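J.: Line by line, the protein sequences give chains P and S. Using the working numbering, you'd call the opening residue of the first sequence number 612 and step up by one each time. Using the working numbering, you'd call the opening residue of the second sequence number 4 and step up by one each time.
Hints should not be assumed to be uniformly reliable.
Straight-line Cα separation of at most 20 Å, SDA-like style, residue types lysine to any residue; simulated pairs [claimed, not checked]:
{"#": "1", "chain 1": "P", "residue 1": "K631", "chain 2": "S", "residue 2": "K71"}
{"#": "2", "chain 1": "S", "residue 1": "K45", "chain 2": "P", "residue 2": "L637"}
{"#": "3", "chain 1": "S", "residue 1": "K4", "chain 2": "P", "residue 2": "S616"}
{"#": "4", "chain 1": "S", "residue 1": "K45", "chain 2": "P", "residue 2": "S700"}
{"#": "5", "chain 1": "P", "residue 1": "K675", "chain 2": "S", "residue 2": "K71"}
{"#": "6", "chain 1": "S", "residue 1": "K45", "chain 2": "P", "residue 2": "S626"}
{"#": "7", "chain 1": "S", "residue 1": "K45", "chain 2": "P", "residue 2": "M656"}
{"#": "8", "chain 1": "S", "residue 1": "K71", "chain 2": "P", "residue 2": "T718"}
{"#": "9", "chain 1": "S", "residue 1": "K102", "chain 2": "P", "residue 2": "S665"}
{"#": "10", "chain 1": "S", "residue 1": "K102", "chain 2": "P", "residue 2": "V673"}
{"#": "11", "chain 1": "S", "residue 1": "K107", "chain 2": "P", "residue 2": "S629"}
{"#": "12", "chain 1": "P", "residue 1": "K652", "chain 2": "S", "residue 2": "A12"}
{"#": "13", "chain 1": "S", "residue 1": "K107", "chain 2": "P", "residue 2": "K675"}
{"#": "14", "chain 1": "S", "residue 1": "K107", "chain 2": "P", "residue 2": "P651"}
{"#": "15", "chain 1": "S", "residue 1": "K102", "chain 2": "P", "residue 2": "K625"}
{"#": "16", "chain 1": "S", "residue 1": "K45", "chain 2": "P", "residue 2": "Q671"}
{"#": "17", "chain 1": "S", "residue 1": "K102", "chain 2": "P", "residue 2": "H618"}
{"#": "18", "chain 1": "S", "residue 1": "K102", "chain 2": "P", "residue 2": "S700"}
{"#": "19", "chain 1": "S", "residue 1": "K45", "chain 2": "P", "residue 2": "E670"}
{"#": "20", "chain 1": "S", "residue 1": "K45", "chain 2": "P", "residue 2": "I623"}
{"#": "21", "chain 1": "S", "residue 1": "K107", "chain 2": "P", "residue 2": "S700"}
{"#": "22", "chain 1": "S", "residue 1": "K45", "chain 2": "P", "residue 2": "L657"}
{"#": "23", "chain 1": "S", "residue 1": "K45", "chain 2": "P", "residue 2": "T668"}
{"#": "24", "chain 1": "P", "residue 1": "K652", "chain 2": "S", "residue 2": "K71"}
{"#": "25", "chain 1": "S", "residue 1": "K102", "chain 2": "P", "residue 2": "E670"}
{"#": "26", "chain 1": "S", "residue 1": "K102", "chain 2": "P", "residue 2": "N662"}
{"#": "27", "chain 1": "S", "residue 1": "K45", "chain 2": "P", "residue 2": "L728"}
{"#": "28", "chain 1": "S", "residue 1": "K4", "chain 2": "P", "residue 2": "E663"}
{"#": "29", "chain 1": "S", "residue 1": "K71", "chain 2": "S", "residue 2": "V113"}
{"#": "30", "chain 1": "S", "residue 1": "K102", "chain 2": "P", "residue 2": "T693"}
{"#": "31", "chain 1": "S", "residue 1": "K45", "chain 2": "P", "residue 2": "P651"}
{"#": "32", "chain 1": "S", "residue 1": "K45", "chain 2": "P", "residue 2": "F650"}
{"#": "33", "chain 1": "S", "residue 1": "K45", "chain 2": "P", "residue 2": "V673"}
{"#": "34", "chain 1": "P", "residue 1": "K652", "chain 2": "S", "residue 2": "E20"}
{"#": "35", "chain 1": "S", "residue 1": "K45", "chain 2": "P", "residue 2": "R635"}
{"#": "36", "chain 1": "S", "residue 1": "K4", "chain 2": "P", "residue 2": "L637"}
{"#": "37", "chain 1": "S", "residue 1": "K107", "chain 2": "P", "residue 2": "M656"}
Calculated from the structure, these hints are not laboratory results. Everything numeric in this text was worked out from a predicted model, so none of it was measured.
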Amino acid sequence: GAVVSQHPSWVICKSGTSVKIECRSLDFQATTMFWYRQFPKQSLMLMATSNEGSKATYEQGVEKDKFLINHASLTLSTLTVTSAHPEDSSFYICSARDLVSGGAEETQYFGPGTRLLVL
Amino acid sequence: KQEVTQIPAALSVPEGENLVLNCSFTDSAIYNLQWFRQDPGKGLTSLLLIQSSQREQTSGRLNASLDKSSGRSTLYIAASQPGDSATYLCAVTGGSNYKLTFGKGTLLTVNP
Numbered sequence: 612g613a614v615v616s617q618h619p620s621w622v623i624c625k626s627g628t629s630v631k632i633e634c635r636s637l638d639f640q641a642t643t644m645f646w647y648r649q650f651p652k653q654s655l656m657l658m659a660t661s662n663e664g665s666k667a668t669y670e671q672g673v674e675k676d677k678f679l680i681n682h683a684s685l686t687l688s689t690l691t692v693t694s695a696h697p698e699d700s701s702f703y704i705c706s707a708r709d710l711v712s713g714g715a716e717e718t719q720y721f722g723p724g725t726r727l728l729v730l
Numbered sequence: 004k005q006e007v008t009q010i011p012a013a014l015s016v017p018e019g020e021n022l023v024l025n026c027s028f029t030d031s032a033i034y035n036l037q038w039f040r041q042d043p044g045k046g047l048t049s050l051l052l053i054q055s056s057q058r059e060q061t062s063g064r065l066n067a068s069l070d071k072s073s074g075r076s077t078l079y080i081a082a083s084q085p086g087d088s089a090t091y092l093c094a095v096t097g098g099s100n101y102k103l104t105f106g107k108g109t110l111l112t113v114n115p
């Protein structure tokens, strides 16, 4: 149980285009989802926290107008990188928290990640 | 602001050796500490989770300890195998929103 999927796993795009990444909880309802970014040889950095049906909370230094997050349902959150540039090339990982079925608040289930390369 | 540091950044050992990875954190007000494994270009695999009230957790050849008051944790890997080669990440959960803070990881290479 507690499986989180991400799509796509790989994406290559031209500079200036927008890219959407999906994060799905497959067998549980995710009241909260998290989006992380990982640059090569760096740690995962939390970008934003999204709660179903409400606006995402962004971490300091993360541009909310550039990284649009939507959490319209209990099983799906999307991250859209708008007008992507080469410096946005990174590994994006989502995680989800299951509180509906009694999951612990401190437990997050991670997706497999999406590698974005902007040319 | 919580900061997590992992030492060493990279470690190369011959197969069969026992090894220790270190993690330290600056704010001891944590709910738990987790050790993850990350293979190149892949997501995270949770290895061990230690609640703040616990001192250690064991899973197979892995043993993780936690000294919350001193802000330290160690991951002990016994009888290392080439398949253990990966990056090992340490993360602590804290704050009102149960935020995870990660270290940069230790890149482990086990040579056959």
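J.: Hint by hint, note whether the structure agrees.
T.: Hints and how they fare:
no.: 1; hint: P:K631 x S:K71; in the structure: violated (40 Å)
no.: 2; hint: S:K45 x P:L637; in the structure: holds (19 Å)
no.: 3; hint: S:K4 x P:S616; in the structure: violated (30 Å)
no.: 4; hint: S:K45 x P:S700; in the structure: holds (15 Å)
no.: 5; hint: P:K675 x S:K71; in the structure: violated (35 Å)
no.: 6; hint: S:K45 x P:S626; in the structure: violated (24 Å)
no.: 7; hint: S:K45 x P:M656; in the structure: holds (16 Å)
no.: 8; hint: S:K71 x P:T718; in the structure: holds (19 Å)
no.: 9; hint: S:K102 x P:S665; in the structure: holds (18 Å)
no.: 10; hint: S:K102 x P:V673; in the structure: holds (16 Å)
no.: 11; hint: S:K107 x P:S629; in the structure: violated (29 Å)
no.: 12; hint: P:K652 x S:A12; in the structure: holds (9 Å)
no.: 13; hint: S:K107 x P:K675; in the structure: violated (25 Å)
no.: 14; hint: S:K107 x P:P651; in the structure: holds (10 Å)
no.: 15; hint: S:K102 x P:K625; in the structure: violated (33 Å)
no.: 16; hint: S:K45 x P:Q671; in the structure: violated (26 Å)
no.: 17; hint: S:K102 x P:H618; in the structure: violated (24 Å)
no.: 18; hint: S:K102 x P:S700; in the structure: violated (24 Å)
no.: 19; hint: S:K45 x P:E670; in the structure: violated (24 Å)
no.: 20; hint: S:K45 x P:I623; in the structure: holds (17 Å)
no.: 21; hint: S:K107 x P:S700; in the structure: holds (18 Å)
no.: 22; hint: S:K45 x P:L657; in the structure: holds (17 Å)
no.: 23; hint: S:K45 x P:T668; in the structure: violated (26 Å)
no.: 24; hint: P:K652 x S:K71; in the structure: violated (26 Å)
no.: 25; hint: S:K102 x P:E670; in the structure: holds (11 Å)
no.: 26; hint: S:K102 x P:N662; in the structure: holds (14 Å)
no.: 27; hint: S:K45 x P:L728; in the structure: holds (15 Å)
no.: 28; hint: S:K4 x P:E663; in the structure: violated (27 Å)
no.: 29; hint: S:K71 x S:V113; in the structure: violated (29 Å)
no.: 30; hint: S:K102 x P:T693; in the structure: violated (25 Å)
no.: 31; hint: S:K45 x P:P651; in the structure: holds (12 Å)
no.: 32; hint: S:K45 x P:F650; in the structure: holds (13 Å)
no.: 33; hint: S:K45 x P:V673; in the structure: violated (23 Å)
no.: 34; hint: P:K652 x S:E20; in the structure: violated (25 Å)
no.: 35; hint: S:K45 x P:R635; in the structure: holds (17 Å)
no.: 36; hint: S:K4 x P:L637; in the structure: violated (33 Å)
no.: 37; hint: S:K107 x P:M656; in the structure: holds (10 Å)
Violated hints, in rising order: 1, 3, 5, 6, 11, 13, 15, 16, 17, 18, 19, 23, 24, 28, 29, 30, 33, 34, 36; the structure is consistent with all others.
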